[in-house]
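There are 2 protein chains.
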Amino acid sequence: MKSTQIRLASRPVAEPLDSDFEVATAELPEPEEGQVVLRTLHLSLDPYMRGRMSDAPSYAAPVGIGEVMVGQTVSEVVASRSERREVGDIVLAYTGWQSHAVVDARATRRLDPSAAPVSTALGVLGMPGFTAYGGLLAIGQPKAGETVVVAAAAGPVGSAVGQIAKAKGARAVGIAGGPEKCRLLLDEYGFDAAVDHRSPTLREDLAAATPDGIDVYFENVGGHVAAEVVRRFNTYARMPVCGLIAGYNGGEPMADFDRLPGFMRRVLTKSLTVRGFIQDEFVPTHWADFQREMSGWVADGTVRYREDVVDSLENAPEAFRGLLAGRNVGKLLVKVADPAGV
Amino acid sequence: MKSTQIRLASRPVAEPLDSDFEVATAELPEPEEGQVVLRTLHLSLDPYMRGRMSDAPSYAAPVGIGEVMVGQTVSEVVASRSERREVGDIVLAYTGWQSHAVVDARATRRLDPSAAPVSTALGVLGMPGFTAYGGLLAIGQPKAGETVVVAAAAGPVGSAVGQIAKAKGARAVGIAGGPEKCRLLLDEYGFDAAVDHRSPTLREDLAAATPDGIDVYFENVGGHVAAEVVRRFNTYARMPVCGLIAGYNGGEPMADFDRLPGFMRRVLTKSLTVRGFIQDEFVPTHWADFQREMSGWVADGTVRYREDVVDSLENAPEAFRGLLAGRNVGKLLVKVADPAGV
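Going down the list, the sequences are from chains A and B. In terms of the numbering used here, the first sequence has 274 at position 283, counting the first letter as 1, and numbering is strictly consecutive. In terms of the numbering used here, the second sequence has 219 at position 228, counting the first letter as 1, and numbering is strictly consecutive.
Don't read these hints as lab results, they were simulated from the structure. Owing to the predicted nature of the structure, the values given are computational and were not obtained by experimental measurement. Do not take every clue at face value.
[What the hints assert, rightly or not] Not everything, but these chain B residues come out facing chain A in the computed CB check (under 7 Å): (1) 45; (2) 49; (3) 50; (4) 81; (5) 85; (6) 100; (7) 213; (8) 260.
[To be verified] Anything over 12 Å on all C-beta distances counts as not near chain B; from chain A, calculated: (9) 6; (10) 61; (11) 305.
Built from N, CA and C at the ideal position, the CB exists for glycine as well.
So here's chain A without its partners, still in its complex pose (with noise of 0.2 Å):
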C-alpha cells in the first residue's frame, strides 16, 4: 500500500513557502495485529500546525525535518487487524498530511455517520469546537449579561465562542477581516456586533460595540487588536489564550515600544485573570458535557457552522497559507479522497 505524504522540507522563517514542503510517495507496512489500514477522506487544516513547522520552544515537539505534517483526519478504514474497526469504519485519527496511513486501531475513534456528518468531528463536534467550548466556559465563566469578544470571529473556534456565550445569555462580539465576513457574523451565527479589524476606526468601533465595557475576551490572534480589547477590559475581567496567530508567522508588526508594563499595569489595576491553555486540559471535565450540549445545539440550530472545503492534498500548503493570512472563511478541511464503501 502506498500513501502520498506531504512532508516537512525546510522550517519557515515567516510565511511557510512552497518549498518548506515536499511531495513524496512512501510505501507503507503491513499492518500488524491489532492494527488497521486508514484511506484519509478529510483532512483538519489549523493555525497550530504553524507551530509545529518551528523548532522554537512550544508545548508539543515540532515535526522533523523530511516527517510527515501532523494534522486530524477523517479516514476510512479499508483493512483490518483488529476487532475493534471493520473495514469500512469511519474514524477519527491522527495521521496527518497523507492519503494511507497504517495505526493502532486504539488511536482511532470510530464516528457515526447518521448522527452529524463526519466531517464535524474535525471541526464544531471536534477539536476546534472544544477549544472554544471549555477555553470560553472553563476560563471565560461568562455570566448572563456579561460582554465577550473573540476575534478570529468568522473561523470555527471564534464562531463557537459567539454561540456558545449567546446560549448561556451573554452579549457576543466578534472581530473579524472586512465587511463580508462582519456580515457572516450578523446574519449567520447571531453575534450581537461585529467589528472590523481593519477599521481605521477600531478603537471607536469597538467602544461602540461594547458600551458596557468587556468582561470575556477569547483570544486567539494576539497584535494590534488584542491591544484595543484589553483597554476595555472590565475589573475581574478574563482572557483565555488559546492562540496568537497574528504572531505565527512573524508578521505582525511590532511595537516600537515596550507594552508589557502597560498590560501588565492593566492586569494589577483591573483585577485581571489571564489565562493559556491547550484543549487537552479540559477533556476530562468538560468533554462529556460538550458532546452532549454541542450536538444538541448544532441539531436544533443553535450553533451553525461552515465548512471551507479544498480538494486534494497537493492543495494543503496553499490553503494553509490561506488560513494563516485570514483568507478562508469556516472550517478548512481538504478533501482528501471519498468514501468508497469498499
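Dock chain B against chain A, hints included.
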C-alpha cells in the same frame, strides 16, 4: 484640636520630591454623635501610596492636590462620642499622614494589645500580611513540593509570602537587592534559597536556585526580575500580581523592544495563569482563616516579621522615598506619637 498634616502639594513625575508634599496644620471639627477623636501612634507607609499620588487610571481614586495623604494608622482614642469606643482604646483606622483625626467610630477596628503588638495590625497581621496570604493561597495555590518565588522578598509582603509557602510545604525562593537582604531571607525568614537581583549572573543564579522550575511567582516588582522568572515557569504555573513597584516611579528602564508578544507566547505555551488582585477581594473568603492561621504562626515563630520604625511624621516623605527605592528592610512604620494613656 489641631492636626499636623502632610498633604499632597503636586503630582510627582518620577520619584516624589520634597516639594510634592506640604506640611500644614488644620483645626479639626468637634466630634459629632457617633464619632471619635483619634491621635495617631503609628502610620503605615506602603508602596500603593505612590499610585494614589498619581492621577493615572487605577483601582482607587487619587489623592487630590491639597488633600491629606492617605494611609492606615494605629491610633489612640482621645475623645469619644460613641458607645463603641472608649478613651484609651487602641484602634486601626485609615486617617492618613496626620497627627490627629475625627472619624466615625464604625470606621475603626479595636485592637487587643495583649494579643500581639498593636503595630502588627499594619504589617504581618494586617494588610501586607493578608496581601501575601490571600494572593498566595487563593491564586498561587502552592502545593507541597512546588517552588514558589517572590521578589522584594525582604519586604513585609514578600517575607510573608515565603514563610506561608514554607508553612504549606512548598520550596520558597526569595529575590532581594543586595547580600544583606539575601542573608536575611535565609537566616531570619527561612527561605530555601535567595537570589540577588543586582547580580550580573541573575539568570544563572535563578536557575541554580530553582532546579525544578517555578510553579508560583508572586509578582510585586515587575521589570527585569519578572522577565527572568517568567523564563523558568513550569506548565500551569500561577502568577498572582499584586504590585509593580519597579515601575511606580517610572524608574525601571524600558526594554528597547516589545516584550508583550513573547510574554503572551509563554502564557500560551505553558498554560500560565496571570491574575491581578487587590487584597480586598479575598476578605470575604480568606480573612477569618488568615486571622486564625497567621496569628498562630506569628505566635509560635513559624512566621517572623521585622519593623523599620521611623520617628516623627515630618520624616514620612523621606522614608517613603526610601521604601520605593528598596532602602528599608521590614515593614516601614512612622512612629507619630507614644500612647498617652489619658
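Against the structure, the hints:
no. : hint : result
1   : 45   : violated, 11 Å
2   : 49   : holds, 5 Å
3   : 50   : holds, 5 Å
4   : 81   : violated, 32 Å
5   : 85   : violated, 20 Å
6   : 100  : violated, 24 Å
7   : 213  : holds, 6 Å
8   : 260  : holds, 5 Å
9   : 6    : holds, 17 Å
10  : 61   : holds, 17 Å
11  : 305  : holds, 31 Å
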